[in-house]
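S.K.: Those protein sequence lines, which keep their order, are chains L and S. FYI, in numbering that gives the first Met the number 0 the residues of the first sequence are 0 to 255. FYI, in numbering that gives the first Met the number 0 the residues of the second sequence are 0 to 269.
Keep in mind that the hints were calculated from the coordinates and are not lab data. Hints should not be assumed to be uniformly reliable.
Claimed, not checked - Output of the computed footprint for chain L on chain S, the stretches with three or more beta carbons under 8 Å from beta carbons of chain L:
hint, region
1, 174-185
2, 194-201
What the hints assert, rightly or not - In silico DSSO-like pairs for lysine-lysine, Cα to Cα no more than 27 Å straight-line:
hint, chain 1, residue 1, chain 2, residue 2
3, S, 161, S, 267
4, S, 267, L, 91
5, S, 43, L, 91
6, L, 164, L, 63
7, S, 43, S, 111
8, L, 195, L, 63
Glycine is no exception: its CB is placed at the ideal position from the N, C-alpha and C atoms.
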Amino acid sequence: MIQFNNVSKTYPNGTIGLRNINLTIEEGELVVIVGSSGAGKSTLLRSINRLHDITDGEIQVDGKSITRANDRELRRMRRDIGMIFQSFNLIKRNTVLNNVLSGRVAYHSTLRTMFGMFPREDIELSLHALERVNIREKAYIRADQLSGGQQQRVSIARALAQEAKIILADEPVASLDPLTTRQVMDDLQRINQDMKITTIINLHFIDLAREYATRIIGLRAGEVVFDGPPEEATDEVFAEIYGRSIRHDEMLGGEV
Amino acid sequence: MKPVTPASGKKSPPDMQLTTQRYKRIATWLLIVIVLVLCSIQTKVTPYQLIVGLPQMGSLLQEMIPPDWSYVPTIWGPMLETIQIAIVGTTLGGIIAVPVALLCAYNIMPNKLVSIPMRIVLNLVRTVPDLLFASIFVAIFGIGPFAGMLALVFFSFGIIAKLTFEAIEAIDPGPLEAMTAVGASRMQVIIFGVVPQALPYFISYFLYTFEVNIRAASVLGLVGAGGIGLLLDRSLGLFRYDRASMIILLTLVIVLVIDYGSTRIRRKLL
Chain L
0 MIQFNNVSKT
10 YPNGTIGLRN
20 INLTIEEGEL
30 VVIVGSSGAG
40 KSTLLRSINR
50 LHDITDGEIQ
60 VDGKSITRAN
70 DRELRRMRRD
80 IGMIFQSFNL
90 IKRNTVLNNV
100 LSGRVAYHST
110 LRTMFGMFPR
120 EDIELSLHAL
130 ERVNIREKAY
140 IRADQLSGGQ
150 QQRVSIARAL
160 AQEAKIILAD
170 EPVASLDPLT
180 TRQVMDDLQR
190 INQDMKITTI
200 INLHFIDLAR
210 EYATRIIGLR
220 AGEVVFDGPP
230 EEATDEVFAE
240 IYGRSIRHDE
250 MLGGEV
Chain S
0 MKPVTPASGK
10 KSPPDMQLTT
20 QRYKRIATWL
30 LIVIVLVLCS
40 IQTKVTPYQL
50 IVGLPQMGSL
60 LQEMIPPDWS
70 YVPTIWGPML
80 ETIQIAIVGT
90 TLGGIIAVPV
100 ALLCAYNIMP
110 NKLVSIPMRI
120 VLNLVRTVPD
130 LLFASIFVAI
140 FGIGPFAGML
150 ALVFFSFGII
160 AKLTFEAIEA
170 IDPGPLEAMT
180 AVGASRMQVI
190 IFGVVPQALP
200 YFISYFLYTF
210 EVNIRAASVL
220 GLVGAGGIGL
230 LLDRSLGLFR
240 YDRASMIILL
250 TLVIVLVIDY
260 GSTRIRRKLL
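Produce the entire structure from the sequences given, and follow the hints as far as they go.
M.R.: Printed below as a string of structure tokens:
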């Protein structure tokens, strides 16, 4: 469970990132956050694992305040939160398996990880994670040899190897083509349903949001302007969120 | 050269501007010539000397040929010592360069109270030429390869640290963010985010510095810091140019071989 209590964020230059956010995200939900660029989607997502600090209020993850956590506690809490990025953020020169294994580092001492001494179980776990996203056979290939969609699945596997209870995905399909977009979204949905991992995804495709989400949150200028099930998120609601009518490029199109 | 734009405040006709441009160009060339001539007069370095010295050069070359092949067994040991000095010097310098490069890079060490003093130290080290280091260490530790090795440690440290920290600053910040999000400690972020990205660059700079150091190590002996340079100095002093040419020839071969090998490895890395 993730709780936002009166969360606000003002950047040092005065720009407002988030404005008095109050939200409760229950376990197992698949929340899609929508909003035009600059609405604060990324800030909201990154405030959950404190990649961005908030300036006001408090965020609790499973009852513990991440806002007030010290360094050690913060790392311990981040260990349970997987993150998926638009640009995959893999080490391109390393093998797929090593990239997935890097999700395990927070479980071990710095010294141990320094020499790459991951226990056998970690390797099993990582291979199993790769299996879940159907790219086990790529385990020993360099990450930069894979296509974009495959690389994104490696980063999902990294979050799985991490044994994350929450997955945050910041525009996970923004740099993928429509076909791989669906594959990656299907993977995220399947993991959410099979493993009850709370999943929060930033998306700018409206139809994808409606199709995959169990709950849609609309942001506009750092404020929550919509929060409800996908059935309620009509075109009019989206127009309201975006402050204008929906554009063609905000639809992925082509139901599969 | 400044672009010719009529937007420079006062409105002057274009041909007027063209003439000023021409005068500026002539003035620049004139200045260069004056500086050259003045320096040459002051230091008494003139083309005249070159012409007078030309026959000398010819006779020297004549004395150098053929090289004294029987000298090879004698110089083999010092030659190996030269290579060893370069290996140890580069390796130690490279090892010290790693933490310093990390502390210098703004993306790893955002605290400028640390990174800026580090950079200043680094720049100071880099202003000292290798032979100056060598003579200082010879004065401290006495004549011998240890002084030369130490000189190369400082010299390689300067080059490798500088180039590496610039490479570190240019790495993709994405993987660092990913590792932070995973819950990695600062050290783990460096090991899993920075090292795999910066390592090929580091190795490449390391090999490049090794190439430079082989050349540097072969003249370290001139100030008494060990290696082949000592014998070169002696041969020249005794007017045994046939031996000197043998030393130069062997050094050339070794430098070429090492350059070739390291260039090949570096090309594969990047």
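S.K.: Check each numbered hint from earlier against the structure, then list the numbers of those it violates in ascending order.
M.R.: Hints 5, 7 not satisfied by this model.
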